[in-house]
Amino acid sequence: MGFVLAALSPMLNHWFGQRTSLVLALFPAGLAAWLALQAPEVIENGSLLLEWQWVPSLGISLTFLLDGLSLLFGLLITVMGACVLVYAGGYLKDHPDIARFHIALVAFMVSMLGLVLADGLLTLFVFWELTSITSYLLIGFNHADINARKSARQGLFVTVAGGLALMAGLVLLGIASGSWSLAEILDQEADLREHALYTPMLICLLLGAFTKSAQFPFHFWLPNAMAAPTPVSAYLHSATMVKAGIYLLARLHPELGGTELWVGVLSVVGATTMLVGAFLAIHHTNIKKLLAYSTIMALGTLTMLLGIGTEYAMTAFVTFLLAHSLYKGALFMVAGILDHETGTKDVTQMGGLRPVMPLTATIALVAALSLAGVPPLLGFIGKELMLESVLGADSFRTLLVLFAFLASVLTIAVAFIVALRPFYGQRHQTPLEPHEAPLGMLLGPALLALGSLLLGLMPAVLGADALLTATATAISGQTLEVALSLWYGINVALIMSIVSLGLGFLLFRRWDSVRGKLFALAPLMRHGPEAGYESMMNGIVLFSEWQTRLLQNGYMRNYILVMLATLIALIGNSILLRHSPVFTFDLDVRFHEVVVAGTMAMGALFATITRSRLGAVVSVGVMGFSIALIFILFSAPDLAITQLLVETLTVILLVLVLFRLPRFSNLSTSLERIRDGVVAAMMGILICLLIMTSWSIQQFEPISTYMIENSAPLAYGRNIVNVILVDYRALDTLGEMFVLALAAIGVIAMLKLRHGDGRHGENGNRENNGVKNADSSKVAAKEPYDG
Amino acid sequence: MVKSGTIILNTAARFLMPLQLMFSIFLLLRGHDEPGGGFIAGLVAAGAFTLYLFAFGVSATKEVLRMVDPRDLIGVGLLLGMISVVPAWFMGQPFLTAQWWTIPVIDFKASTPLIFDIGVYFAVLGSVTGMVMTLMEVDKDEP
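Protein sequences, first through last, are from chains A and B.
Quick note: the first sequence uses this note's numbering, first residue 1, plus one each step.
Quick note: the second sequence uses this note's numbering, first residue 788, plus one each step.
Bear in mind the hints are in silico, worked out from the structure with no lab data behind them.
Values in this document were obtained by computation on a predicted structure and should not be read as measured data.
Take the hints with a grain of salt, since some may be wrong.
To be verified - Capping the alpha-carbon separation at 16 Å, the derived lysine to aspartate or glutamate pairs in EDC-like fashion look like this:
#, chain 1, residue 1, chain 2, residue 2
1, A, K289, A, D339
2, A, K752, B, E924
3, A, K752, B, D820
4, B, K849, B, E924
5, B, K849, B, D859
6, A, K289, A, D346
Chain A extracted, bound-state conformation (with noise of 0.2 Å):
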C-alpha cells in the first residue's frame, strides 16, 4: 500500500503544491499511532502475527510479526519518517524534483517497516534489497554531481554486498531450522548453535548485517553517503537504514547468540568501529561527516552490546538504540538548517549564530548533550548503562573498557564541535545571511530532541511493563525487566563518564590544534578499506573489460558457437555418464511421415549450401511448415497452428532484415567452417540422443495424465494446452510476457536508438542486429510453450 503512496506522491505533489510534505507525513503518522495501539497487546503477549498467504504452493506467504523489537523499530521509523518528511517540505522548498524526492523517501520507508515487521526469511531479504535500492536512489540524488553518483553507488555496490551474503545466510539459516519464519525459527526447542551449519551461516549473516549497519571495515560507505541531501541522511544515516544490520543481529540474537563466535566477533568488530568511528570524526570539518562517524561509533557500540550479551547490555542496547535515533536524528536536522540557512556545511567556518538563530541553538544543545551523555538527558542514562555493561562484559573486558572509554572522550568532543562550535564564539562570514529556520524545518528536530529530554527525565515511562522490556525481551529471549533511572548511584560507570567528560570538554578546547597534528597521519589513511574498495573496483572493471572482449565481441556466430558447444558439452555429458543411450529403432512409419521427414532434412541441407539468402530463408521456412505438419499429424492442433503463425512471422521479419544485410560474401575460412560443421553436427545427434533417452526413461509418473483429467472439472476448460498455459502454469506465462515484452522493448529500442544516432555501424554490427531480432523474436514467440 505504502508504495502506491509512493507512487501517487507526484500526482499529490501536483494538488497539494509545497504542502505535499505535509500529506505525506500523515501516512507515516497514522502508522505510527497504529504501532502504538498494538503497543499494549504486544507487551502483554510477546508477539503477534499477520499472515497473508501469497503463494502457498511454493510455501511463501507475507507474514508480518510485531513484536517488541519489531514495534521499537517501527515506531523509530513512522515517527522519524513524519518528522523527517515534514522537515523535508522546508529543506527541499522549491526543488524541481521534489516530487522524485518524496517517492524515493516514501518507498524507502515502507521497504524499511517491511524489513523489520517482516516474518518470513525471503520476505524480510526482499525488503532488505529494496532498503539499499531506495536508498541509492536517494544518496544519488542530486544526481548532477558526479560525487552524489559515485557515492550512492560505492553505498549500493557494498550494501548490495552484503545482501547476497546475507541471501546465503538467511538460506542457510532456513535449511538448518527447518522454517522459513522468523516467529517459528524464535520459538524452536532445537539448538541452532550446535548445527554443522552454524558457522558458515554466522558469518554470511554477519557480512550482511556489517556491510548494511557500516561497521570497520565497511564502514567508509557511510560517510560518503552523505553526499545525500541532509532529510535523507538524518533518517537513512542515522535512524534507520544502517540500524537494520543492527536489527537482524539482535532479531537472531536469541537463536545464534551468545557463543563464543558470535561474542569474540561482535564485541571486538563493534567496540573497533566504535573506537575508529569517534577518531576519524574529530578529522572533520564538515558537519555531516563528523556526524556521519559519531553514527559510525554509535552503530559499533550496538553492535558491542549485542556481542557482550549480558542481561545488562540488552537494556543498554534498547536504550542506547533509542537515545541515539533521537538525539541524532535531531543533530544532522540542525546540521540541515545550517547548511540550509548559512550555505556552508564546515564548522570551522560557522560561528556565533546562536542570537540570530535561538531555537536552533537550543534543539542543537539539547541533542548534543544527549549524544555527549550529560544528565538529565536520554543518552545519559544509555551511556551509562554502556559503560556499565562493558565493565560487566564476560570476555574481552579490559579491551573493551578502553576502547568505550576512548570512544566516549571522542564523543563528547564531537558533541561539542556540533554544538558549541556553530553558535558561539566570534561570528564568521558566511556564504549566506544566516536567519532562523522556517518552523516546518524546526519541528522535526524540536520533537526529537524534546524526545530526549522528557524521556531521560521520566525514564520510567519506558522501563517497567513498557515498550523497552517487550524490545529486550525479544532480543534476549527471556523475559527481562528493564528498569531504568537517571540515578544508580556513585560507580565507576559514574565516574569514567565525568571523567570522558572533562578530557572530551579538554579535547574540543584544543581541536584545531590537535586536528593540525592528526594531519600528519593523512597518508596513513590512504591505506584504509576505502582504498582497498577502489582497487577491487578497478580490477572489477578490468575483469569485465577483458571478459567482454572475450566473450562480447558482437558477432552472433561466436555467441551462438559458444551458447551451443556449453550446451553440448553440459548435457552430452550427462547423458554419456548417467544414462546409456538407447537404441531402439521402430521402423513403424507411415509413407507421408516420410515425406514430411524427409522434406525437413531437405530444407535444412539447402539452407546450409544455398549462396542465396532469400533461399535459406524460405528454405528454413519449409523446415518451419514440415514441423507445423508434424505437429498436425500427431493431432496437436494449437501447437501447429502457433508453429505455423510463428513461422509466418519469421519469414516476414527475416525478409524484412534481408534487405538491410550486406552482399552475401564468405568470410570464413575452411577451417572455421569445419568446426562449424562440427559443432552442428554435435548438435544434431545430442538432440536425436536426448530424444531417444528420454522416450526410454520413465522417471516420474507424467504430469500430463493429472492436467488431462483435471483440465474440464477443476479448470473449466477443455483446451488442455490453454489451460496450461492460463491456468496451471499461469505463472509461468506471466514470466514469459514480461521476457517477450522486454525483448520487443529491446528490440525497438536497439533500432530507434540506432536510428536516431545518425551513425549507422559497420556491417558485422548491422548484420548482428538483424539476426538478432529475427531470432528473438522466434525465441520469445515460441517460449510460452516450454511451460
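Could you slot chain B onto chain A? The hints should help.
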C-alpha cells in the same frame, strides 16, 4: 524497399485485416475449450497488422491504429496479466487461483484466466507489431 501500393495487395489487405482481427478475437474467446487462445490470437492479429503494414506502409497503419501505439499494447497486456492475479487475494485464496463468474443474462463465463488470456493477446500483439513497425520505419528512412 518494401514496395507498397500494388492493387491486389491493397485490396486484399483492406478486406482481410478486419476479418483477421475478428478471427483473432474469435480464437481468443474460444481458446479455453477449442484450439485457440490468447497467444495464437495475438499472433493472428499481429499478422493482420503486418499485412496492412506491407500494403499501406507505416504511416497509414498508424492512422488505423489511431492513438494506440503498439508499445502501449505491451503495457496493457502486462497490466491485464497482473490484474488477473489480484481477485484471488480478495477471495482469500492463493495468488493466481482462477476465479470464475457466470454473467447470468448472456450465460457468459467470465474468469480471471480469460483476463489473463486477453493480457497475453495484447502483449503478443503489441510486441510483434511494434517490432515489425519499427523495422519498417527504420527502413523507410534509410535509403
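Status of the hints after comparison with the structure:
1. K289/A <-> D339/A: holds (13 Å)
2. K752/A <-> E924/B: This hinted pair holds, its Cα atoms lying about 9 Å apart.
3. K752/A <-> D820/B: violated (40 Å)
4. K849/B <-> E924/B: holds (11 Å)
5. K849/B <-> D859/B: holds (13 Å)
6. K289/A <-> D346/A: holds (10 Å)
Violated hints amount to a single one, hint 3; each of the other numbered hints is respected by the structure.
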